[in-house]
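Use these hints to put chain B onto chain A, whose structure you have.
Residue-level listing of the chains:
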Amino acid sequence: MSNSVFSEDSEESDSIALAERRSAHFLMDASAVSTLRMWLLSGLLLPLLCLAPLLYVQSRRLIDQHAFWYFPVSIAVGGWLLFATSSYRPASVNRGRMAVVLLWIGLAAAAFGIYWYSPWVIQVASVIVLLAWSLAAFGGTSWTRVFTICSLFMVTVPFPSGRDSQVSNWLQSIASWSCNGLLDVIGIPNIVEGDNMQIAESKFRVSVACAGVDSVFAFFAIGIAVIAIRRCSFLSGLLTLLTIPFFSVFENILRLLTIAIGLVYFKTDLSNGWMHIEVAVVVFIISLLSFWLTHKTIVAVFEPIDQVIDRGTEKSGAIDFYQMITRWPVDVEGQLAIGTELPIWRPSLVSLSGLVVICLLFGSITVYSAMTISNSDVLFVDIGEEKAALLPSDAAFPEQFGGLKKVGFRTITQPGMSTQGKYSHLWRFDDQGNQVFVSLDFPFPGWQPIWSFYQFNGWKILEIKPVEAPANSGSAWTVEEFKMQNQYGLYGYVWFAFFDENGTPIDRRNDTEQLSRKNIFERLKNKEMPATQATYQVQVFFESGKELSEVEGERNRKLFFAIFEQVRDQSQSALRKAK
Amino acid sequence: MFGQKNPDPLNPEEELDAKIKTSWIQRFRMSPVDLAGEFLDLFSCWRQSRRWTSVLMILPVALVAIIMGSLVAVGKLSDPNAKAAWYAERAMKEIELAKAAELEKATASKESTGTASKQLPEFVDMLFRRVLQINQNNKFARFYVAAQMDRYGSRGSARQIMESLATTKTTGYTKAHTWLAMDLVERAQKGEAINLETLKYHLKRGTSGDEVPPSLLLIYSQLLQQENKTAESQEFLKRAAEFEPKLLLNAIAVYNQNSLSVQARATADMLVEKIKNKIDENDGENIVLTSQALMLTNRIDEAMEVLQKGSKRFPNSSKLARELSNAYRIKFRATAVRLSDKVNVNLDFLNAAIVIDPTNINVQEELMLLSKLGIWQNEAIIDTLRARIATTGTSYVARLLLAETAYGRGKLEDAINEYEVVLAELPRMTLALNNLAMMYTQLTPPKLDEAMSLIDRAIEAEPKVAEFHDSRGDILVLQKRKEDAIESYLLALASSPERVETREKLIAVYEDTDQKEKADFERGRLEIVKKALEEQRSRAEQAAKQREQNVQPPPPAVPSPKE
Numbered sequence: 001m002s003n004s005v006f007s008e009d010s011e012e013s014d015s016i017a018l019a020e021r022r023s024a025h026f027l028m029d030a031s032a033v034s035t036l037r038m039w040l041l042s043g044l045l046l047p048l049l050c051l052a053p054l055l056y057v058q059s060r061r062l063i064d065q066h067a068f069w070y071f072p073v074s075i076a077v078g079g080w081l082l083f084a085t086s087s088y089r090p091a092s093v094n095r096g097r098m099a100v101v102l103l104w105i106g107l108a109a110a111a112f113g114i115y116w117y118s119p120w121v122i123q124v125a126s127v128i129v130l131l132a133w134s135l136a137a138f139g140g141t142s143w144t145r146v147f148t149i150c151s152l153f154m155v156t157v158p159f160p161s162g163r164d165s166q167v168s169n170w171l172q173s174i175a176s177w178s179c180n181g182l183l184d185v186i187g188i189p190n191i192v193e194g195d196n197m198q199i200a201e202s203k204f205r206v207s208v209a210c211a212g213v214d215s216v217f218a219f220f221a222i223g224i225a226v227i228a229i230r231r232c233s234f235l236s237g238l239l240t241l242l243t244i245p246f247f248s249v250f251e252n253i254l255r256l257l258t259i260a261i262g263l264v265y266f267k268t269d270l271s272n273g274w275m276h277i278e279v280a281v282v283v284f285i286i287s288l289l290s291f292w293l294t295h296k297t298i299v300a301v302f303e304p305i306d307q308v309i310d311r312g313t314e315k316s317g318a319i320d321f322y323q324m325i326t327r328w329p330v331d332v333e334g335q336l337a338i339g340t341e342l343p344i345w346r347p348s349l350v351s352l353s354g355l356v357v358i359c360l361l362f363g364s365i366t367v368y369s370a371m372t373i374s375n376s377d378v379l380f381v382d383i384g385e386e387k388a389a390l391l392p393s394d395a396a397f398p399e400q401f402g403g404l405k406k407v408g409f410r411t412i413t414q415p416g417m418s419t420q421g422k423y424s425h426l427w428r429f430d431d432q433g434n435q436v437f438v439s440l441d442f443p444f445p446g447w448q449p450i451w452s453f454y455q456f457n458g459w460k461i462l463e464i465k466p467v468e469a470p471a472n473s474g475s476a477w478t479v480e481e482f483k484m485q486n487q488y489g490l491y492g493y494v495w496f497a498f499f500d501e502n503g504t505p506i507d508r509r510n511d512t513e514q515l516s517r518k519n520i521f522e523r524l525k526n527k528e529m530p531a532t533q534a535t536y537q538v539q540v541f542f543e544s545g546k547e548l549s550e551v552e553g554e555r556n557r558k559l560f561f562a563i564f565e566q567v568r569d570q571s572q573s574a575l576r577k578a579k
Numbered sequence: 001m002f003g004q005k006n007p008d009p010l011n012p013e014e015e016l017d018a019k020i021k022t023s024w025i026q027r028f029r030m031s032p033v034d035l036a037g038e039f040l041d042l043f044s045c046w047r048q049s050r051r052w053t054s055v056l057m058i059l060p061v062a063l064v065a066i067i068m069g070s071l072v073a074v075g076k077l078s079d080p081n082a083k084a085a086w087y088a089e090r091a092m093k094e095i096e097l098a099k100a101a102e103l104e105k106a107t108a109s110k111e112s113t114g115t116a117s118k119q120l121p122e123f124v125d126m127l128f129r130r131v132l133q134i135n136q137n138n139k140f141a142r143f144y145v146a147a148q149m150d151r152y153g154s155r156g157s158a159r160q161i162m163e164s165l166a167t168t169k170t171t172g173y174t175k176a177h178t179w180l181a182m183d184l185v186e187r188a189q190k191g192e193a194i195n196l197e198t199l200k201y202h203l204k205r206g207t208s209g210d211e212v213p214p215s216l217l218l219i220y221s222q223l224l225q226q227e228n229k230t231a232e233s234q235e236f237l238k239r240a241a242e243f244e245p246k247l248l249l250n251a252i253a254v255y256n257q258n259s260l261s262v263q264a265r266a267t268a269d270m271l272v273e274k275i276k277n278k279i280d281e282n283d284g285e286n287i288v289l290t291s292q293a294l295m296l297t298n299r300i301d302e303a304m305e306v307l308q309k310g311s312k313r314f315p316n317s318s319k320l321a322r323e324l325s326n327a328y329r330i331k332f333r334a335t336a337v338r339l340s341d342k343v344n345v346n347l348d349f350l351n352a353a354i355v356i357d358p359t360n361i362n363v364q365e366e367l368m369l370l371s372k373l374g375i376w377q378n379e380a381i382i383d384t385l386r387a388r389i390a391t392t393g394t395s396y397v398a399r400l401l402l403a404e405t406a407y408g409r410g411k412l413e414d415a416i417n418e419y420e421v422v423l424a425e426l427p428r429m430t431l432a433l434n435n436l437a438m439m440y441t442q443l444t445p446p447k448l449d450e451a452m453s454l455i456d457r458a459i460e461a462e463p464k465v466a467e468f469h470d471s472r473g474d475i476l477v478l479q480k481r482k483e484d485a486i487e488s489y490l491l492a493l494a495s496s497p498e499r500v501e502t503r504e505k506l507i508a509v510y511e512d513t514d515q516k517e518k519a520d521f522e523r524g525r526l527e528i529v530k531k532a533l534e535e536q537r538s539r540a541e542q543a544a545k546q547r548e549q550n551v552q553p554p555p556p557a558v559p560s561p562k563e
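Protein chains in written order, with this note's numbering: chain A, 1 to 579; chain B, 1 to 563.
Chain A extracted, bound-state conformation (with noise of 0.2 Å):
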C-alpha cells in the first residue's frame, strides 16, 4: 500500500521521509543550498528578528490567557514537525514564486501591525512570514502538508476582537444547557443563570468549574498534530477536526455533572480546589482518549479501498472517486517539481527586502519600547495595594445623595488579574426601594466595554446606546448606556465610563491601542516618556421591576453623570496624593 495513512505505517513513512530528506540534502548541487540558506536568513531569521519585540509582547499576552497557554508547545510541535519529517530542498519556480508574494503579504501585514501598534497583527504576520518561507524551503514537502504544519502555528493566533472568547462562551453555553437538561432527568434539581449553576445549596461558576471550553483551541492544535503526524487525508483530517468542538462540550459536562453528582451523592465540592484540577485532569485525558478513538474510526472508514486489484476488473467510476478523495492529498508527495534557485535573489530585490527589514527593525524596537514604557505590552495593569487603598470609599457619599439613600460598601480584591478590575470599591444605595450600585473598578489598560459581565450573570441585554455627557464635564465625550432584562423579568440599567489617572474622561469612541499610540508620538516628540496611566471605571446600576419611563431614565442618566463627577473629584486628589 503506497502513500499509507494508517498509523501502522506511518513510522515506516516517517523514517523513509527522514532518509529521503537527507539524502535529497546531500544530493542538492551547492547552489541549492546556497538559496536555502539565503532564503532562510531572509525570508525567516531577519523579519523574524525584526519582529521578535513585538512577538515578545504578543506571547506575554497570551500567557496571560488561559485558554492559549499551549501555545509554546503547539509551536515546538510545528517546528520538530517541519525540520524532522519534511523534505528540505527548493521548491518549484511556481511555489517560490507564491512563497515571494506571500512573504511580502507578510512583511506589508507587519508593516501594517507597527503601524496600528498591534502585537495580534504582528503575530498574525510572523504565521505568514514562517508559511512562505516553509513553502519555498521544503519544496519535496507537499504545499498541503506545510499547510497542515504551519496550521499549528496559526491555532495559536486568537481570535481578533475577543472572538476566541465568543467561541469558548458560546460552547461553555451549550455544556451547561446540556447539563441542564442531563441533571432534570437524572432527577438533580439544578439551575443555570447566565454563567452561574446552582446545585442544591451549592453555587459555582460554569466558566471556572468549566475552565475546560478553553482547551477547545488547545484541542485544535492536538487534532492538527495527530493529523499531520499521521499524515491523514483531507477528508479524514477535516472529519476528525469537525469532531473537536463536540468533544469539548462533552469534556465540560462531563465535568459538570461530575461536580453535581460530587455535590448531591458525596457532599464534595469538585468546582474548586486540587479535587477540582483532578478532575479536571481525568476528564480531560478521557475527552482526548474518546477523541482518539473517534480519530481511529474516522480514518478506518475513509481509508482507500485496497482490494480493487484483486477483483481483476475494470475501475469502476465510483470507486475511482472515492480513491481519489481518500488519498488526496498524500498522493501528491514525492512527486513534486523540485527547483534549483528561488527568483528572488536579484540585487534589487535584496536591497529592497534589505530597507524594508530594516524598517521593521526600527519601527519595531519603538513601537515595543514605547508599549513597554506606557504599559500597553499587557492586557492586565497593576497599581498596588496601597494605591489602591487611597481611592474613595464609604465616606465618599453622604448617607444622603441625589435622592439616593447609602446602605452600604464594599471593597472586593480579585486575588489574581481580572478583566472586571482588580480591585472594586462598591457602594450600595437605596432608590425608594429598589437597589442602585455604584462601583468605582480599576485598574484597567483603557476603555474596555463591560456587558458581557452582565450577560455572563444571565441578563440579556436588550439596547445599548452611547449618551453625550453634559457639557460642563469639560470636552466633549460619550458614556455607554445599556438596558437589560433577567429572566424573572427584572430590568437593569447600567451606565459606564472611564477617567484616567488625571481625571480626564475616556471617550468610547477612542480605543485604548489608538490612544496609546497617539501619546507615544505625543511623547516622543516632546521627548517625555512617563507611564501610562491605569484607567478607572465607575459604573452605575439601576435596578427596576419595570421598565422605566423616559423620565426616569433622564433622571438616571443625570444621577450617574453626578455619581460620576463624585467619583472622579474624589479619586483624582486621591491620586495626585498618591504621586
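Worth flagging that the hints you see were computed from the coordinates, not collected in a lab. Keep in mind the model is a prediction, meaning the values are calculated, not measured. In this text, a Cβ means the ideal position worked out from N, Cα and C, and glycines have one as well. Any given hint could turn out to be false.
[To be verified] As a list, the in silico BS3-like pairs of lysine-lysine whose alpha-carbon atoms are at most 27 Å apart:
no.: 1; chain 1: B; residue 1: Lys83; chain 2: B; residue 2: Lys139
no.: 2; chain 1: B; residue 1: Lys464; chain 2: B; residue 2: Lys331
no.: 3; chain 1: A; residue 1: Lys406; chain 2: B; residue 2: Lys482
no.: 4; chain 1: B; residue 1: Lys464; chain 2: B; residue 2: Lys190
no.: 5; chain 1: A; residue 1: Lys405; chain 2: B; residue 2: Lys518
no.: 6; chain 1: A; residue 1: Lys460; chain 2: B; residue 2: Lys464
no.: 7; chain 1: A; residue 1: Lys460; chain 2: B; residue 2: Lys83
no.: 8; chain 1: B; residue 1: Lys139; chain 2: A; residue 2: Lys460
no.: 9; chain 1: B; residue 1: Lys93; chain 2: A; residue 2: Lys203
no.: 10; chain 1: A; residue 1: Lys546; chain 2: B; residue 2: Lys331
no.: 11; chain 1: B; residue 1: Lys505; chain 2: A; residue 2: Lys406
no.: 12; chain 1: B; residue 1: Lys169; chain 2: B; residue 2: Lys139
no.: 13; chain 1: B; residue 1: Lys139; chain 2: A; residue 2: Lys483
no.: 14; chain 1: B; residue 1: Lys518; chain 2: A; residue 2: Lys558
no.: 15; chain 1: A; residue 1: Lys405; chain 2: B; residue 2: Lys505
no.: 16; chain 1: B; residue 1: Lys200; chain 2: A; residue 2: Lys546
no.: 17; chain 1: B; residue 1: Lys190; chain 2: A; residue 2: Lys405
no.: 18; chain 1: B; residue 1: Lys76; chain 2: A; residue 2: Lys203
no.: 19; chain 1: B; residue 1: Lys530; chain 2: A; residue 2: Lys405
no.: 20; chain 1: B; residue 1: Lys190; chain 2: A; residue 2: Lys267
no.: 21; chain 1: A; residue 1: Lys405; chain 2: B; residue 2: Lys531
no.: 22; chain 1: B; residue 1: Lys516; chain 2: B; residue 2: Lys505
no.: 23; chain 1: A; residue 1: Lys546; chain 2: B; residue 2: Lys204
no.: 24; chain 1: A; residue 1: Lys546; chain 2: B; residue 2: Lys139
no.: 25; chain 1: A; residue 1: Lys406; chain 2: B; residue 2: Lys518
[What the hints assert, rightly or not] Beta-carbon label-pair distances, calculated as ranges:
no.: 26; chain 1: A; residue 1: Tyr56; chain 2: B; residue 2: Asn81; range: 30 to 38 Å
no.: 27; chain 1: A; residue 1: Gly273; chain 2: B; residue 2: Asn81; range: 37 to 45 Å
no.: 28; chain 1: A; residue 1: Val73; chain 2: B; residue 2: Phe39; range: 39 to 47 Å
no.: 29; chain 1: B; residue 1: Phe43; chain 2: A; residue 2: Leu238; range: 18 to 26 Å
no.: 30; chain 1: A; residue 1: Ala389; chain 2: B; residue 2: Pro121; range: 34 to 42 Å
This is chain B only, laid out in the frame that chain A set:
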C-alpha cells in the same frame, strides 16, 4: 476538480489516470441501474477492505454520546408544565421540612411560632427560580422569587412584581395582596404617605388566605373598627388570636370602647381559658396575659391575686413585677373616691407599685395626677404627708410628692434632698433618677457630671424610655457635646417618634452645628408628626362624640365598669 495535477508524459499509467479523471462526467453518465451497480461495487469493496476493529473503536464513545444526548434531549423536550410542577413540588416539600424543623427548634426552646419561617434555605429559593425559568406564569413562583428579592434588599423591584400579581383592578394572587398590604403598613410605619383605600383593598383580598400574619389581621380589624364594623373586626381579631392569644386583649379593648362589656368579659374568659393549661410557661408571660384580661374587664383583685401568685412562682420576672406594679397603680386609681370638693386616695397602693417595680416610669402619671389635684397648694396635705413619713418612714410616694411640691415652690435644694433620700433606699428608681438629674442641671453651678451619672443609671435600668434619652441629650447640650446630644435625641425619637419637643431640640442642635440639610429634614418630619397628631386628636374626638351618640344601656345582669 481538486487533486488534479499535470500528468507526467513519461508515465503511461499516470496518463491513463489523467484521461480517466478528465472525463468524470462522462464516466458517471450512465443508467441509474448501472450507477447503482457502481455504488454497490464500491460498497462491496469498501466493506471487504475495512479493518473492522478500528471502525468499531468508536462504539464506546458513541454509546456514551447516545446515552448522554438522549438524556439531554429527554430533559429538554419533556413537558415544561410537568417539569415546573416537579420543581414546585420539591420546593413545597422543602418548605414543609423547613417549617417542621423550625417548629421542632421552637418547641425545644419553648418559643411559640405562628408563622412560616422567614429564612428558608437557599435551595428553596433556587427551586422557585427554576420553576419560574420553566414557566414564567407560575404565580406562586413569581411571588416567592419577589419575596426573596425583598429579603435580599430589592424591596422596590419585589413590590413591582407583586403589583403585577395583584393589581388594584382585579382580584389577583392572594399572597401577593397580603404582601402588598404588609408593605403598605411598613411604609406607613416609616412615616411614608400611603393610600388608605389601597391598603384596605389589599387587606380585604389578602386576609382571605390561610397564612396571614396575625399583625395584619389585627390592623385590618382595627381599620374595620374605625368604620364601625365591629362584628367583622372582632372576627379578624379572633383569627389573629388563633396564632397569638394576646391579640384577644385588643378585642377586649375594642369591646370596652364600644361599651360591650358582656362580650369583653366573655372574650377575656376565652383568653384565660385558652392559656389556663399553659399558665406556668413562657416565664410568667401567660400569667401577665391572664392578669391583663382580668384587669381589662374590671377584675383587678382577681388580677392582683394571679400576679401575686405568679411573682412567687417567678420571683425574677421583671415583666410580672411591672404588671403587678401596674395593677397596684390601677387599684390606686380605683380606690380614689371623690367627696364633694375632696378626693380620698389610698397612697399605699401607689407606694406598693413603686416598691415592687422602682423602674416603672408609668408611676409618673399617678404622681402628675396628684400634682394636678393641687397637692402643693394645700399645707394640710403637706403636713399629712410629712406626718406619714414620720410614722411609716418608707412612704416613697409621700417623698416624691414633697419633692414635687418643693420644686413647684422653687425650693430646689429641698426637692433634691427628697429625691436623694428616695434614691438612697431605691437606687434603681428611674423616675427619681431622671428628675434628680434634671434638677442637678438647674443648680448654680450645674452638677453636670453627677446628672450624667444619674441619667446613665436610669438608661441602664430602662434603655427604651425616650424620656431618659431626651434628658441625656439636654445634659450633653449643656456639656457642649452636641454631636453626642444629637445621638441621644435620635435615640429618644427612635423610641417615640411623636415627641415634638425632642424633635425641636434636635433641630436646634442641628442648626447650631451647621447641619442645615438635616435640620430641614427634621423640620419636615416635625410638620408631618404635628399633622398626624392633630389628625389623631380630631379622630379621637370624633370617635368619642360618635360613641356618646351610639351608647347603649348595659345589660342589667353585669355591672358597668363606671359603677
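The hints, checked one at a time:
no.	hint	result
1	B:Lys83 with B:Lys139	holds (16 Å)
2	B:Lys464 with B:Lys331	holds (26 Å)
3	A:Lys406 with B:Lys482	holds (24 Å)
4	B:Lys464 with B:Lys190	holds (18 Å)
5	A:Lys405 with B:Lys518	holds (14 Å)
6	A:Lys460 with B:Lys464	violated (49 Å)
7	A:Lys460 with B:Lys83	holds (24 Å)
8	B:Lys139 with A:Lys460	holds (22 Å)
9	B:Lys93 with A:Lys203	holds (21 Å)
10	A:Lys546 with B:Lys331	violated (59 Å)
11	B:Lys505 with A:Lys406	holds (26 Å)
12	B:Lys169 with B:Lys139	holds (17 Å)
13	B:Lys139 with A:Lys483	holds (26 Å)
14	B:Lys518 with A:Lys558	holds (24 Å)
15	A:Lys405 with B:Lys505	holds (25 Å)
16	B:Lys200 with A:Lys546	holds (24 Å)
17	B:Lys190 with A:Lys405	holds (14 Å)
18	B:Lys76 with A:Lys203	holds (22 Å)
19	B:Lys530 with A:Lys405	holds (25 Å)
20	B:Lys190 with A:Lys267	violated (45 Å)
21	A:Lys405 with B:Lys531	holds (25 Å)
22	B:Lys516 with B:Lys505	holds (14 Å)
23	A:Lys546 with B:Lys204	holds (26 Å)
24	A:Lys546 with B:Lys139	holds (17 Å)
25	A:Lys406 with B:Lys518	holds (15 Å)
26	A:Tyr56 with B:Asn81: 30 to 38 Å	violated (59 Å)
27	A:Gly273 with B:Asn81: 37 to 45 Å	holds (40 Å)
28	A:Val73 with B:Phe39: 39 to 47 Å	holds (44 Å)
29	B:Phe43 with A:Leu238: 18 to 26 Å	holds (22 Å)
30	A:Ala389 with B:Pro121: 34 to 42 Å	holds (37 Å)
Taken one by one, the earlier hints fail for this structure at numbers 6, 10, 20, 26, listed in ascending order.
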